Amino acid sequence: MSSHVSPIREPLIQGNKSYHDITVDLVSPTERPPGPAWIVGFIISLTLLAFGLFCIAWTVWHGIGTWNLNRTIGWGWDITNFVWWIGIGHAGTLISAILLLFRQKWRTGVNRAAEAMTIFAVICAALFPGIHVGRAWVVFYFFPYPNTRGPLWPNFNSPLLWDLFAISTYFTVSLLFWYAGLVPDFATVRDRAKGLRRKIYNVLSFGWTGSAKHWQRWESLCLILAGIATPLVLSVHTIVSFDFATSVIPGWHTTIFPPYFVAGAIFSGFAMVLTLMIITRKLFNLQNYITVGHIESMNKVILVTGTIVGVAYLTELFIAWYSGYVYEQFAFFNRAAGPYWWSYFGMMFCNVISPQIFWVRKFRRSIAITFFVSIVINIGMWFERFVIIATTLARDYLPSSWSYYSPTWVEMGIFAGTIGIFFTLYLLFARVAPVVAIAEVKSILKSAGDQYTGPDAHKHHGHGANKHGAATTIKSSLESDSHNPGISAASAAPLASTLTSKESAVAEEPIVKDDSPKIKSSTGVDDLRRIEGIGPKIAEILNNGGITTFSQLASTDASQVKALLDAAGSRFRTHDPGTWGEQAALARDGRWDELKDLQDRLDGGKYV
Amino acid sequence: MTQTKDIIYGLYNDEEDLLEAVKGANADHLEIMDVYTPFPVHGLDPLLGLSESRLHIAGFVYGMLGTLTAFLGMSWIFTKDWPIIFGGKPHWSVPAFIPITFEVTVLFASIGMVLTFYIINGLGPGVVNPTIDLRITDDKFCLAFDKSEVDVSKAESFLKGSGAAEIHSKTI
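Same order as they appear, the protein sequences are chains R and G. Number 260 in the working numbering belongs to position 260 of the first sequence; there are no gaps in the numbering. Number 113 in the working numbering belongs to position 113 of the second sequence; there are no gaps in the numbering.
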């Protein structure tokens, strides 16, 4: 049905899931009471949130003087946090929009949570311009609306106003895009619910039916929203960088800022997505949907964008030197060797050096290392914004005005509060909505499920698998379908030592070396892949181990088969050959109907 | 008050079976009422004779509306309504209007398109659509005939022969 998928492509959905399994796995976190980890996390987040609100109230009540900003350093933690959060908010739309246009199927595992993260991060970001203006109660003056002051309009030529438009638009479009994706999934939750819960989810699902025309329009909507959200996401951080780049402050007015900020935003956004996803997949047991392959893909993006950011840092230094402009040169000298040298080197280490370990595949695929590096990058990107903002301002043109800035408890409290807001909203979202897009994951099952692709594939898409009763719809192009108890001398390979003595049925077979492990002839061998749980790779291992027929497999002890698998490498260690003998015995005797019945009851070759 | 319909529908376990069945129904000249699936099934639209969605045209119109609103609005404000000199720049400083014009274009296009999507589909908060089968949003693929539009016995025998896992009649 869908385009050809390479069999060596890593499956994105593991565990031999059926459509129903996907529904159950992804909806059930919203159906059962929260676990202790969730409750503890929620209480901590809520506490931080409450303290943050207290600090905001303190700021509004006593005024901006409760912060340590001064005449020289007019932007401190407030704008640092603002830019940091906005940057984090870039990954969601990148994953959902740009990766949709590029037809990257792995986006389906993480797009829902990443988009939610975007929305919550933008909420946290938008808080800071709102309160740093001082008189938060007249913040609506920003918006152009017919007013009684003239009407007096805001300055449409100002990058700060562009920023307001960019962020408001970004928030609105992200929210609409996210919710459009949630509607069909809320319908899935609704159709499993009863009573009041069903009523609530019906409201949330907008009465979704799943009609073919609705799906057609839904896909069209998502594609066009992705198309226009793509330039939008690039424009937002470009405009944020204009806040700095259009000024005449040395260290700020550089033309490299827009691409450098966008790359930095994607970099920090992916770091936060990884932090959250690693927690989420553990908390809700979603390892089959957010796989190590997903994490590796995101680490590749981290590596690329982190390196772009590193090149941008070096380019800035080069241009400062090459321009011959002493104020620019001083600004950069001051960043690296001035009073804030620690934040400059923190930034360099966290953002440029640390992601370089992802050149190594082993580290890209390590959950623990990824989690640690993602936190390091989050910290590093915060340093970057602090370096750009506070460090640059601290030493301006007039040495008599030079100053040093460190935050008060109120500023730190507000930052902690936004982290609280972010995680409170995220944890609530994860309880109420499916954190992985159900419909989108189902739509890639036949091209990315591990029963259809990868080393353990045992089904071909393009067949009505269930119609024929069981998971045995393998095309028999390679081998004859008929049961054949004999064995071909040409294809039997030496048996692993564990298998020699005990099983006479195996030991009696002629043992001849053969260099080609692939079985092409139709004589004397059985297609072991008809056993549920055995894919082409495992069949090859068994053949190499001397097991080429059903009768051999039936008479081999499961522990010996297991030993063969263990010897073949760590990736096969998780396979359980417990039922293979039983299945093989039925196949040997030609009892295909009974085998099918058995396989219907099995899940991935295991009893469930 | 919506009219009730008597329908007969088959549930399939796999989208491939559904696609085959839709092809079969077309060959038998049975008029399909609708097809319901848990996720978008590709290849279904041409079989059902659904024309391409025109949502993108609507999106373009909304976007243009946003472009004009923003650009003409700013132009009017800064040249006619309240001209102010900012840093010696001309009142009608077109390059400085580009970022906001772009943002408002995107904003109008997306809000307009999303609202249009919900309205033409008859979806929205509080809408209660009749449920044909609860498993349609889970793992079943539904092919439904309106009994007033087809020969019921013919439809039923067709569904039986088409590999449907279940066949039901219902009034919705």
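FYI, nobody ran anything at the bench for these hints, they're computed from the structure. Check each hint, because a few of them may be wrong.
[Claimed, not checked] Below are the SDA-like pairs computed for lysine to any residue, each with C-alpha atoms no more than 20 angstroms apart in a straight line:
no.	chain 1	residue 1	chain 2	residue 2
1	R	Lys213	G	Lys80
2	G	Lys80	R	Asp603
3	R	Lys537	R	Asp576
4	R	Lys596	R	Asp576
5	G	Lys170	G	Asp151
6	G	Lys154	G	Asp45
7	G	Lys154	G	His29
8	R	Lys213	G	Ala165
9	R	Lys213	G	Glu52
10	R	Lys213	G	Asp151
11	R	Lys194	G	Thr131
12	R	Lys199	R	Lys213
13	R	Lys562	R	Lys596
14	R	Lys199	G	His29
15	R	Lys194	G	Ala165
16	R	Lys282	G	Leu115
17	R	Lys596	G	Ala165
18	R	Lys213	G	Lys23
19	G	Lys89	R	Ser247
20	R	Lys213	G	Phe97
21	G	Lys23	G	Glu149
22	R	Lys282	R	Glu296
23	R	Lys199	G	Lys23
24	R	Lys213	R	Asn157
On a predicted model such as this, the values are computed, not experimentally measured, just so you know.
Below or equal to 20 angstroms on CA atoms is what counts here, so check lysine 213(R) against lysine 23(G). holds, 17 angstroms
Do the alpha carbons of lysine 213(R) and lysine 80(G) lie within 20 angstroms of each other, as the hint requires? Since the Cα atoms of lysine 213(R) and lysine 80(G) sit roughly 48 angstroms apart, the hinted pair is violated (cutoff 20 angstroms).
Would you check the hint for lysine 89(G) and serine 247(R), treating anything up to 20 angstroms between C-alpha atoms as holding? holds, 15 angstroms
Need the status of pair lysine 154(G), aspartate 45(G): alpha-carbon distance at most 20 angstroms? violated, 24 angstroms
So if I understand the rule, the pair passes when the alpha-carbon distance is 20 angstroms or less; does lysine 282(R) with glutamate 296(R) pass? It holds: about 17 angstroms lies between the C-alpha atoms, which stays within 20 angstroms.
Could you grab the alpha-carbon distance between lysine 213(R) and asparagine 157(R) and see if it respects the 20 angstroms cut-off? violated, 44 angstroms
Are the Cα positions of lysine 213(R) and glutamate 52(G) separated by 20 angstroms at most? Holds, because 10 angstroms separates the two Cα atoms, which is no more than 20 angstroms.
Assess, step by step, whether the Cα of lysine 194(R) is no farther than 20 angstroms from the Cα of threonine 131(G), and give holds or violated. holds, 13 angstroms
Lysine 282(R) and leucine 115(G) were given as a pair; does the straight-line alpha-carbon distance stay at or below 20 angstroms? violated, 37 angstroms
20 angstroms Cα cutoff - pair lysine 170(G), aspartate 151(G): holds, 16 angstroms
CA of lysine 213(R) to CA of alanine 165(G), is that 20 angstroms or under? violated, 23 angstroms
Keeping to a limit of 20 angstroms between CA atoms, is the pair of lysine 194(R) and alanine 165(G) held or broken? Judged against 20 angstroms, a Cα distance of about 25 angstroms means the pair is violated.
When each numbered hint is compared with the structure, violations occur for hints 1, 2, 6, 8, 10, 12, 13, 14, 15, 16, 20, 23, 24.
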